[in-house]
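Line order of the protein sequences matches chains A and B. In case it helps, our numbering puts the first sequence at residues 32 to 411. In case it helps, our numbering puts the second sequence at residues 29 to 772.
Hints were generated in silico from the structure; no laboratory data involved. We put the beta carbon where it would ideally sit given N, CA and C, even for glycine. Honestly, I wouldn't trust all of these hints.
Okay, derived cross-link-like pairs now, BS3-like style, lysine-lysine, Cα gap no bigger than 25 Å in a straight line [unchecked claim]:
id : chain 1 : residue 1 : chain 2 : residue 2
1  : B       : Lys432    : B       : Lys457
2  : A       : Lys180    : B       : Lys35
3  : B       : Lys537    : B       : Lys397
4  : A       : Lys179    : B       : Lys32
5  : B       : Lys531    : A       : Lys113
6  : B       : Lys531    : B       : Lys432
Chain B stretches covered by chain A per the calculated footprint, using a threshold of three residues with CB under 8 Å from any CB of chain A [claimed, not checked]:
id : stretch
7  : 42-50
8  : 55-69
Far from chain B, some chain A residues (derived; all Cβ distances over 10 Å) [what the hints assert, rightly or not]:
id : residue
9  : Trp44
10 : Leu65
11 : Arg85
12 : Lys106
13 : Val199
14 : Gln256
Now for the letters of each chain:
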Amino acid sequence: MQKKKTKKDSSFWQEGKLDITFLSFVLILLSIGLVMLFSASYAYSYTYFGNSYRFIFRQSIFAVIGVALMLIISKIDYHIIKKLSWLIYIITVGMLGVVLILPPMSDELNVKRWISIGGFQFQPSEIGKFAIVVIFAAWLSVNGDKLKKFKYVAWMLLLLGIVCGLVVAEPHLSATILIFAIGIVLLIVGGLQKRWIFIGAGGGVAGVLFIIFSGIVSYGSDRIQYWLDPWADPSGKGYQTIQSLLAIGSGGLLGRGIGQSRQKYLWVPEPHNDFIFSIVCEELGLIGAMVIIVLFCALVWRGFTIAMRAKDRFGTLMAIGLTFQVGLQAILNILVVTNTIPNTGISLPFFSYGGTALVILLAEMGIVLSISRTSNVKKL
Amino acid sequence: MAVKANKMMLTRIIVIMLSIVILFTSISAVRLTKIMIIDGEKMQSLASEQQLYDTLVSAPRGDIYDSKMNLLAKSDTAYTIYLMPNGIKDLTKEKQEKVKTQIATGFSQIFEIDFDTAYAYTEKQTYYVIVKKRVDKSVADKVRAFLAENSDLGLARYVGIDETTKRYYPNENLASVVLGFVGDDNQGLSGLESYYDSTLTGVAGRVVAAKNAHGSDMPFSYQIVEEAKQGNSLVLTIDSYIQHIAEKYLEQAVEVNKASNRGACVIMNVNTGAVLGMAVKGDFNPNEPFVLSEADEELLSKENSTVTRNELLNKQWRNKAVSDTYEPGSVFKILTAAMALEENVTKLDQRYNCGYTIYVAGQVYHCHKKGGHGSLNFKEAMIGSCNPVFITVGQLLGTSTFSKYFEAFGFSKKTGIDLPGEATSVYHKQDKMGPTELASSSFGQTFKITPMQLIAAASAAVNGGYLLKPYVVSKIVDNEGNIVKSTEKTIKRQVVSETTSEKLREILKAVVEKGVKNAYVAGYGVGGKTGTSEKVAEMQATGERGLYISSFMGFAPIDDPEIAVLVMIDEPRGDTHYGSTVAAPVASEILSDILPYLGYEPQYTEEELKNFAVKVPNLTNKTVEDAKKELSNLGLTVKVVGDGENVIKQLPVFGETLNKDGRVIIYTTETEDVDTITTVPDFSGMTVGEANTAAYGAGLNIKYSGNTTSGSGARAYDQDIKANTEVTLGTTVTIYFREATSSD
Numbered sequence: 032m033q034k035k036k037t038k039k040d041s042s043f044w045q046e047g048k049l050d051i052t053f054l055s056f057v058l059i060l061l062s063i064g065l066v067m068l069f070s071a072s073y074a075y076s077y078t079y080f081g082n083s084y085r086f087i088f089r090q091s092i093f094a095v096i097g098v099a100l101m102l103i104i105s106k107i108d109y110h111i112i113k114k115l116s117w118l119i120y121i122i123t124v125g126m127l128g129v130v131l132i133l134p135p136m137s138d139e140l141n142v143k144r145w146i147s148i149g150g151f152q153f154q155p156s157e158i159g160k161f162a163i164v165v166i167f168a169a170w171l172s173v174n175g176d177k178l179k180k181f182k183y184v185a186w187m188l189l190l191l192g193i194v195c196g197l198v199v200a201e202p203h204l205s206a207t208i209l210i211f212a213i214g215i216v217l218l219i220v221g222g223l224q225k226r227w228i229f230i231g232a233g234g235g236v237a238g239v240l241f242i243i244f245s246g247i248v249s250y251g252s253d254r255i256q257y258w259l260d261p262w263a264d265p266s267g268k269g270y271q272t273i274q275s276l277l278a279i280g281s282g283g284l285l286g287r288g289i290g291q292s293r294q295k296y297l298w299v300p301e302p303h304n305d306f307i308f309s310i311v312c313e314e315l316g317l318i319g320a321m322v323i324i325v326l327f328c329a330l331v332w333r334g335f336t337i338a339m340r341a342k343d344r345f346g347t348l349m350a351i352g353l354t355f356q357v358g359l360q361a362i363l364n365i366l367v368v369t370n371t372i373p374n375t376g377i378s379l380p381f382f383s384y385g386g387t388a389l390v391i392l393l394a395e396m397g398i399v400l401s402i403s404r405t406s407n408v409k410k411l
Numbered sequence: 029m030a031v032k033a034n035k036m037m038l039t040r041i042i043v044i045m046l047s048i049v050i051l052f053t054s055i056s057a058v059r060l061t062k063i064m065i066i067d068g069e070k071m072q073s074l075a076s077e078q079q080l081y082d083t084l085v086s087a088p089r090g091d092i093y094d095s096k097m098n099l100l101a102k103s104d105t106a107y108t109i110y111l112m113p114n115g116i117k118d119l120t121k122e123k124q125e126k127v128k129t130q131i132a133t134g135f136s137q138i139f140e141i142d143f144d145t146a147y148a149y150t151e152k153q154t155y156y157v158i159v160k161k162r163v164d165k166s167v168a169d170k171v172r173a174f175l176a177e178n179s180d181l182g183l184a185r186y187v188g189i190d191e192t193t194k195r196y197y198p199n200e201n202l203a204s205v206v207l208g209f210v211g212d213d214n215q216g217l218s219g220l221e222s223y224y225d226s227t228l229t230g231v232a233g234r235v236v237a238a239k240n241a242h243g244s245d246m247p248f249s250y251q252i253v254e255e256a257k258q259g260n261s262l263v264l265t266i267d268s269y270i271q272h273i274a275e276k277y278l279e280q281a282v283e284v285n286k287a288s289n290r291g292a293c294v295i296m297n298v299n300t301g302a303v304l305g306m307a308v309k310g311d312f313n314p315n316e317p318f319v320l321s322e323a324d325e326e327l328l329s330k331e332n333s334t335v336t337r338n339e340l341l342n343k344q345w346r347n348k349a350v351s352d353t354y355e356p357g358s359v360f361k362i363l364t365a366a367m368a369l370e371e372n373v374t375k376l377d378q379r380y381n382c383g384y385t386i387y388v389a390g391q392v393y394h395c396h397k398k399g400g401h402g403s404l405n406f407k408e409a410m411i412g413s414c415n416p417v418f419i420t421v422g423q424l425l426g427t428s429t430f431s432k433y434f435e436a437f438g439f440s441k442k443t444g445i446d447l448p449g450e451a452t453s454v455y456h457k458q459d460k461m462g463p464t465e466l467a468s469s470s471f472g473q474t475f476k477i478t479p480m481q482l483i484a485a486a487s488a489a490v491n492g493g494y495l496l497k498p499y500v501v502s503k504i505v506d507n508e509g510n511i512v513k514s515t516e517k518t519i520k521r522q523v524v525s526e527t528t529s530e531k532l533r534e535i536l537k538a539v540v541e542k543g544v545k546n547a548y549v550a551g552y553g554v555g556g557k558t559g560t561s562e563k564v565a566e567m568q569a570t571g572e573r574g575l576y577i578s579s580f581m582g583f584a585p586i587d588d589p590e591i592a593v594l595v596m597i598d599e600p601r602g603d604t605h606y607g608s609t610v611a612a613p614v615a616s617e618i619l620s621d622i623l624p625y626l627g628y629e630p631q632y633t634e635e636e637l638k639n640f641a642v643k644v645p646n647l648t649n650k651t652v653e654d655a656k657k658e659l660s661n662l663g664l665t666v667k668v669v670g671d672g673e674n675v676i677k678q679l680p681v682f683g684e685t686l687n688k689d690g691r692v693i694i695y696t697t698e699t700e701d702v703d704t705i706t707t708v709p710d711f712s713g714m715t716v717g718e719a720n721t722a723a724y725g726a727g728l729n730i731k732y733s734g735n736t737t738s739g740s741g742a743r744a745y746d747q748d749i750k751a752n753t754e755v756t757l758g759t760t761v762t763i764y765f766r767e768a769t770s771s772d
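Isolated chain A, as found in the complex (with noise of 0.2 Å):
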């Protein structure tokens, strides 16, 4: 056996067989996001498409699509994308540095966000994680033991800075935090010496209360306001919140049952996005969200556990990154949603509409089963 996998070693393909776990989580969690996105977007695109069905089409195709990918990337060897990781890299901060010069997309002024390339439109910061992701398990794979000089801890910094300067420039501050969050977390794992850990953590808790007392985010202090007191402006800046809020209160210990939220009658803005968990909440109540929460939990355990049984470093740190993305952009979510943390916009993996979003999630998820391939993990 151990003879045979050395000698694949260089080949395209992949050998062993996936965590089944895993991609149950994985089924399980779209699954359920698929059910909960036709309900709670049939309102609202019978409204402004005519067609209850148009939201849950499109997101059914590309899951379809997503899926397929899936499955085919967790049979490649994910060391490719170790060799190329430099070249992902250079063209993300490429095409970080075009959306900012490109028109905006969106109805909102001053917000550059999207990319269109043949017809699908996506979101460079999706693939700046990724990037992000990339960048630093192939270099902490191999270097970790210099994270003891400075210079490689501020060469780090320095990647991780670029991307996040590009990103928070769009603006898309929900984005940065993940971004930068996934970079220190690779970091730590990677190596990074107590000290820094220390330091930095200081410094980050100095930093946070710098931008939110100096009010040089101007964007961002508007929200903070809303956040504390959204009934101060209900018809207006708190509507998003308070109507969220409504959404999940009314859910209850047990919900209103699947497809009986009111809540999406228009009342919750685009249900079907960023605010897709309160009519979850609406609907299946608490004990259905927190089984919903229980699951992305379990999928982040797994993740994590595949990562501990990756045969090398790089393996271990893509796993991590991967999932802890999953999982720091559920719980933010979540925290916007029931108004714990300012809105940031961020959406929900595996529920919130998003067509490009799914896939590239799904494809990120089938680099994680392709890394589970190789762990030794006990094998069904």
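On the provided structure of chain A, position chain B as indicated by the hints.
Frame of chain A; chain B shown alone:
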């Protein structure tokens, strides 16, 4: 080669994993529990507040029918047009403007309002605004067509049509003060519509619907529907024909006598209390209750007018027969007589002497007849309406007996008729009543009652003594025709004996036969009593002189009364103001129309038969000779126009009635010659004989109405075709006669 993760990495991975899992689950659990469980109820009710719209579905209002099931009031489907301005705000600025302009243009055309007014609706900061209430189907269809034409703009998302109902009174003014009218929300505002509002209204249905943030139903949204229950219908005791007749002659009387404060007429079944007709003039059209009569508008437009529109509206809606009180005057002598006969303080042939004046406790009272009546018996005192005799009788009764009967006849309490706004009477309580108050009360002055109270009491006096509760609604039926409730005759008490009642009938018959001939109806025995009361308080208040209320209370057939008719004309300002000249002819006209309608066979005296009308035969296609023969056999005269051999046209036409000696014109050639046209003369003030001559001279036929008893001094006071009108030869003109007596 491949370096696996070291222990430090694995430890850090586990720490991070655990922090994620613990943080995620704990924070989520805490936050969600707070929102969903602790604040759950509050959030739910806030959510329901914005999502649930409780829409009332108005129940179709019940109909109102007359006693013959002719429709008097019904509800037709109508439509409410509304707009949802908030929905428009979701559009882009440019599209908003397009939609608003298009809606305003459409509305301004459909509802005939100006563009700016229509545009203002689209600017309202609300999700729902009513543009127009209670429009007919044709307007609603126009709106639908407009929405369909503009489907590219999706206007149907912002404009809605709700079905409601609209009240419709097919007979317009007929019985309007009794029926009343409804307001914008179909709530009864006056008359039966108000009194029986809850019966007619039914139970409104509800639609509790979850609506979306645009304020419209989603096609698959949650909805609870409680069906509306149609209101019950009313069947009245009022007969449209009788009502029509009463209104026709009352209106004529109000006009001819220039009454400045309207008139009322109540027709009631003496033995059951069922009101067969209740007319008030001037009244209003309940389809347009807020429209004043032309005369009222003129009054209002006068520069120094002291009345307001509201006062005039309230006046035209007011049911004078029930809601106004007045001093009944001599009509009340019926009741004084009933008391006196029942208490045996007098007899029909008891003799009195009327010396023009009578003193009571130092106060002098006059008889209306100058010089007094001299010696007369009680019956004659009633015929002559002699005040001194009735004062004498009143004093004999005494305050306590008078008051006892006054209350027993129902004058101290409302009659309880099923109409709103019944007025309370004003009278001398026994402990406040002295000889002078008793004296004036004996002939119906110094206290105020409603016409309804009077007709109920007077009916009791002649029907064997039974005071009945008058009523207007005989049955309440549901929408399937099942009787929900029916009104039974309610006897309140027996006030006087059958014997007394019989004596009264005899007296009242004599009053019409010998005194008030204007109330006489050929072929039918009518009894009654007139009244001419002075509006003393009003005259003192305004300084105006000659304000009277002329009234007549009549019964027919008087030997076994079934129909009671009360006519009162308030403030007549014409040539005459007496009850006998102003009110009695109205009762006579009404009775002569409704008694045959009610199936009473006339029994003519020989004298009456002499004047009896002849039915004109069909002469068409007969030869002139045959026609002449046939007509002369019937006692009619002939005028032939043209030189043809056969009759091709005749006037009056076949089936019309003519008086004996009437003339029929037969045409033998088609002609429109000048000599077939004649001018109607002014008959007013003529006696029957003079009118006959004048009519013959003009080539007209005449029909007499009212008092034409020979030997009476009856004079024409009105005619149905106005003087100087050009009509065809042979046309029949109805002339109304009344005796110009000065008796009250």
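Verification of the supplied hints:
Only pairs whose Cα atoms come within 25 Å are accepted, and Lys432/B paired with Lys457/B is accepted, the gap being roughly 10 Å. Under the criterion of a C-alpha separation no larger than 25 Å, the hint pairing Lys180/A with Lys35/B is consistent with the structure, at around 21 Å. Distance restraint check for Lys537/B and Lys397/B: the Cα-Cα separation of roughly 21 Å lies within the 25 Å cut-off, and the hinted pair is therefore satisfied. The hinted pair formed by Lys179/A and Lys32/B meets the criterion: a straight-line CA distance of about 19 Å does not exceed 25 Å.
Taken as a hint, the Lys531/B and Lys113/A pair is broken in the structure, with Cα atoms around 129 Å apart against an allowance of 25 Å. Restraint check for Lys531/B and Lys432/B: satisfied, since their Cα atoms lie roughly 21 Å apart, inside the 25 Å limit. Proximity of the stretch 42-50 of chain B to chain A, defined as three or more residues with a beta carbon under 8 Å from a beta carbon of that chain, is established by the 5 residues found. As drawn, the stretch 55-69 of chain B meets chain A at 11 residues by the rule of a beta-carbon pair under 8 Å; at three or more, the given contact holds.
The beta carbon of Trp44/A is kept farther than 10 Å from every beta carbon of chain B, the shortest such distance being approximately 17 Å. Interface exclusion of Leu65/A from chain B stands, the closest Cβ pair being 20 Å apart, more than 10 Å. At the 10 Å boundary, the C-beta of Arg85/A stays outside the reach of chain B, the nearest C-beta of that chain being 16 Å off. Its beta-carbon lying about 19 Å from the closest one in chain B, Lys106/A satisfies the requirement of being farther than 10 Å from that chain.
Chain B leaves Val199/A outside its interface by the beta-carbon criterion, the shortest separation being 24 Å against a cut-off of 10 Å. Once the 10 Å rule is applied to beta carbons, Gln256/A is consistent with being away from chain B; the minimum gap is 20 Å.
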